Amino acid sequence: MAAKQETAAAVRSVEQYKYGFVTDIESEKAPKGLSEDIIRFISAKKNEPEWMLEWRLKAYRYWLALGDEEPKWAKLNYPKIDYQDSYYYAAPKQKLASMDEVDPKLLETYKKLGIPLAEQAVLAGVAVDAVFDSVSVATTYKKKLEEMGVIFKPISEAVHSHPELVKKYLGSVVPYTDNFFAALNSAVFTDGSFVYIPKGLRCPMELSTYFRINEKNTGQFERTLIIADEGAYVSYLEGCTAPQRDENQLHAAVVELITLDDAEIKYSTVQNWYPGDAEGKGGIYNFVTKRGACRGKNSKIMWTQVETGSAITWKYPSCILQGDNSVGEFYSVAITNNHQQADTGTKMIHLGANTRSKIISKGISAGKADNTYRGLVRIGPRADGARNYTQCDSLLIGDKCGAHTVPYIESRNPTAQTEHEATTSKISEDQLFYCQQRGMTEEEAVSLIVNGFCREVLQTLPMEFAVEAQKLVGISLEGSVG
Amino acid sequence: MKQSALLDHPFGARYAAALPAADAARQDARETLALEGLPGPKREEWRFTPLRGLAKIPFIPAASADDIDVCDLPADVPRFTDAHRIVLVNGVYRADLSDTASETGLTVTEAKTPDHGVDAPLAVLNAAYMSGGVTISVRGVVAKPVHLVSIGAAGAEPAAFHPRLAIAVAPAAKLTILETHHGLPGQPYFSNPVTTISVGTAGVLRRYVLVREDSEAFHLATTVADVAADAKFDAFHLGLGGALVRQEISVDFVGEGAAVRLNGAYALMGRAHHDFTTFMNHDMPNCTSSQVFKGVVDGESRGVYQGRVLVARHAQKTDGQQLHKALFLSRGPQIDCKPELEIYADDVKCAHGATTGELDPDHLFYLAARGIDPQAARLLLVQGFLADALENVDDAVVRDILSGEISGWLMRKASA
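Those protein sequences? They're chains V and R, same order as listed. Each residue of the first sequence is one higher than the last, beginning at 12 in my numbering. Each residue of the second sequence is one higher than the last, beginning at 7 in my numbering.
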């Protein structure tokens with residue numbers, strides 16, 4: 012108990028600061044570092060039930076036992092992360108009931124980032140669960156969704172309001188023993204979204220969370236859990252931005268998706284966190300575990316990601332195709348420029364009969380960046396009639412970058428069919444010449460050509476995202492030619 | 007919780023004690039082996055090919071076994087008429103079984119020491135206990151091909167041998183070589199050959215390899231090749247059996263304009279395990295590498311293809327292609343495939359493809375509709391699938407020999 016009080020005292024003593032582009036709102040922080048006390052503190056802050064704390068502690072102990080065993084197999088190069096040099100809890104002080112109560116300064120920040128929250132909610136018909144640092148501050152359209160039986164709320168609230176669902180599904184797709192970063196996340200996650208779509212409901216609006224890293228030196232450990240019950244459908248959007256800063260920030264999120272019979276989840280991400288400057292200084296370290304389980308028959312999970320930000324991206328949104336006839340799809344555009352490094356891909360684990368998967372990955376590498384596709388297609392012995400199609404294309408811009416493809420194909424069923432294709436190319440002089448001859452600048456031409464290269468993926472994005480993503484593609488490659 | 011990346015293995019002090027004292031090169035390798043051991047399943051390059059089974063067998067050096075006597079070529083070794091024949095029994099050159107009429111430009115000598123350092127873990131094991139082998143040097147155009155026959159045999163105890171082969175093709179020289187690896191049934195034997203190849207400027211080497219070891223045998227072959235400017239290295243590897251077979255081939259491009267074709271096929275039944283591991287190190291501009299591998303798997307067998315193509319920053323205008331196609335013939339086998347591209351140059355053409363599946367029911371129906379019984383139809387389609395791979399073998403005589411080997415495999419399968 013004494014230790015806990017000390018921790019709380021230390022929290023009070025941590026001062027606020029003003030720092031460039033960072034919004035100055037009062038926030039509470041736990042002291043730097045990670046220990047069982049900090050985890051107890053986070054849990055106490057969230058007023059969590061005992062079972063939740065126990066789970067966190069188990070995860071923490073597992074993580075501790077892993078020692079320095081960060082996964083090393085990815086083609087990534089970064090300085091050693093000091094996990095004791097980070098804050099694991101930071102939250103805006105008051106909880107707000109509606110948009111009107113949101114701190115105008117916070118809204119200002121969103122505007123700077125080009126996310127007019129209120130406007131977007133109204134105009135685009137999107138219910139927004141905005142996450143500022145680690146705690147959800149505003150949830151809109153909550154009532155309307157509630158009437159239909161949709162549960163869309165911060166996971167910290169869901170722990171109280173729907174403990175049976177959280178208990179049943181949390182960690183069931185990504186157990187805390189899954190990997191180093193999943194264990195870390197399970198121990199210290201502060202908040203994230205919880206979505207439950209009831210039987211037979213087609214969620215009428217796209218659900219969206221904007222993540223945003225704000226506190227200096229605060230690792231973000233989001234935890235998202237989405238369950239689509241029998242026959243349900245939901246499209247979920249995740250977008251991320253972060254202000255410019257010099258220090259590397261650690262982000263280790265976990266996303267779990269579950270579809271029961273005939274259900275479908277479409278999960279789209281646009282990630283444009285701070286990638287570091289042109290010299291490779293700063294930028295976000297993004298170690299994400301995203302996985303969906305198609306538990307039910309005829310269910311479907313579709314991942315679409317546009318990854319343009321972060322200094323380090325380590326991310327493999329995957330599908331476990333358990334139910335017969337279930338479908339997994341993965342569409343990815345990963346753009347790396349300057350000194351960015353991305354090691355991303357997917358895993359399609361075919362367990363049920365007649366399961367199908369499709370992987371379309373487009374990697375674009377410019378500047379001094381490295382871009383790796385790493386994927387696994389595994390066909391289990393019972394996956395009769397399973398089908399996989401994989402296509403990975405890489406585009407190199409300039410002769411100082413790298414593009415790598417590391418696919419694993421493991422088949423144990425004769426009736427299954429897998430196909431994998433990969434190509435590597437560059438933007439041809441002819442294409443550039445053609446565009447420039449028609450009055451485009453070289454940069455515009457590159458943006459156009461690259462957008463064409465990614466079209467297959469971008470067109471799977473919901474409308475609002477597709478527009479943003481197309482612009483992003485152009486912006487991300489600024490300075491890569493000429 | 008942690009699994010070691012190393013395996014305990016039988017090639018320690020007991021094994022060494024059966025052999026005469028080692029020279030400096032072998033002693034060096036033994037020290038490295040003691041430190042690094044054999045790769046365990048945690049080692050990425052070995053994740054699909056576990057050596058646990060091998061490591062459990064108490065092998066003795068074949069050279070120290072006095073109860074092995076092979077005095078003639080086994081009947082099932084293909085006869086390559088009109089070729090120089092070099093025979094190794096348990097890795098040791100046998101002049102009495104060989105037939106190398108002198109030809110200008112061709113020099114065959116017995117290899118004595120493992121003088122070429124190769125880093126691969128199995129090559130370290132080879133260097134530690136290397137007990138024989140041959141060096142083939144070629145100047146000018148050698149018209150008559152070379153047929154190298156390797157016979158493995160164990161006596162009352164499982165035996166291992168670690169031969170060195172060196173093939174040196176001088177600038178503008180030309181050689182065709184067929185290597186066939188066979189064995190006698192009985193106790194398991196372990197063949198661990200290391201082949202070093204150098205093809206000089208504008209030289210041409212065609213190398214064809216057949217591995218049809220005994221069904222209890224282990225065969226882990228490491229090949230490293232240096233290919234100089236404008237040289238051609240054309241290889242085809244056929245794997246038709248052995249309990250555990252790995253053919254690891256790595257090619258270094260050391261001059262501009264070199265062209266390498268590395269093709270292969272495997273056909274497996276029973277509990278056979280076959281692994282093709284390739285590495286194309288494109289360290290020079292304007293080189294091409296092309297790989298086509300095809301495999302059929304039956305019974306409880308396991309086929310592995312892992313190929314890596316590395317294109318260095320300065321290796322512009324590289325053309326690197328990889329293709330692996332695998333065909334299942336039954337329920338039970340496993341296929342693992344990992345075609346890897348690592349590219350640092352922008353003006354390159356690199357692609358890979360991989361497929362797995364079973365025989366196309368439409369094709370079977372087509373043949374059935376023409377009165378061909380299903381069993382024969384399946385064999386016909388499998389033969390067609392593998393024959394396609396053989397198209398890449400330029401030498402007509404060798405192609406016939408390999409084609410005969412594939413037919414033999416199909417007959418064995420049909421009667422199994």
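Errors might be hidden in some of the hints.
[Said to hold, decoys possible] With a straight-line Cα cutoff of 27 Å, these simulated DSSO-like cross-link-like pairs (lysine-lysine) come out:
#1 Lys-411(V) / Lys-355(R)
#2 Lys-86(V) / Lys-118(R)
#3 Lys-62(R) / Lys-86(V)
#4 Lys-48(R) / Lys-69(V)
#5 Lys-358(V) / Lys-48(R)
#6 Lys-292(V) / Lys-482(V)
#7 Lys-379(V) / Lys-48(R)
#8 Lys-48(R) / Lys-437(V)
#9 Lys-83(V) / Lys-323(R)
[Claimed, not checked] A short list of chain R residues far from chain V (calculated; beta carbon distances all over 10 Å):
#10 Ala-27
#11 Ile-63
#12 Val-124
#13 Ser-137
#14 Gln-340
#15 Ile-341
#16 Ala-351
#17 Asp-352
#18 Val-354
#19 Asp-401
#20 Ser-421
What the hints contain is simulated information worked out from the structure, not anything from laboratory work. Everything numeric in this text was worked out from a predicted model, so none of it was measured. All C-beta atoms in this analysis are idealised placements derived from N, C-alpha and C, irrespective of residue type, glycine included.
Do the alpha carbons of Lys-411(V) and Lys-355(R) lie within 27 Å of each other, as the hint requires? Given pair Lys-411(V), Lys-355(R) holds - Cα atoms ~17 Å apart, limit 27 Å.
Is the hinted pair Lys-358(V) and Lys-48(R) satisfied, with a Cα-Cα distance of at most 27 Å? holds (19 Å)
Take a quick look at whether Lys-62(R) and Lys-86(V) sit within 27 Å of each other, Cα to Cα. violated (34 Å)
Outside-interface status for Ser-421(R) - nearest CB in chain V farther than 10 Å: holds (21 Å)
Far enough from chain V: is every CB of that chain over 10 Å from the CB of Asp-352(R)? Asp-352(R) not clear of chain V: closest Cβ-Cβ about 4 Å, inside 10 Å.
Sort out whether Lys-69(V) lies within 27 Å of Lys-48(R), counting only the CA atoms. Holds, at about 26 Å.
Just want to verify: Gln-340(R) was marked as not at the interface with chain V; is every Cβ pair farther apart than 10 Å? For Gln-340(R), whose nearest Cβ neighbour in chain V is about 5 Å away, the distance does not exceed 10 Å, so it is violated.
Closest CB-CB distance from Ile-63(R) to chain V, is it above 10 Å? Given a closest Cβ separation of 26 Å, the condition holds.
Whether Val-354(R) stays farther than 10 Å from all C-beta atoms of chain V, as the label says: violated (6 Å)
Far enough from chain V: is every CB of that chain over 10 Å from the CB of Ala-27(R)? holds (40 Å)
Has the given pair, Lys-86(V) with Lys-118(R), been kept, meaning a C-alpha gap of at most 27 Å? With a Cα-Cα distance of about 41 Å, the restraint between Lys-86(V) and Lys-118(R) is violated, given a limit of 27 Å.
10 Å Cβ clearance of Val-124(R) from chain V: At roughly 24 Å from the nearest Cβ of chain V, Val-124(R) sits farther out than 10 Å, so the non-interface label holds.
Hint check: violations occur at hints 2, 3, 7, 8, 9, 14, 15, 16, 17, 18; the rest are consistent with the structure.
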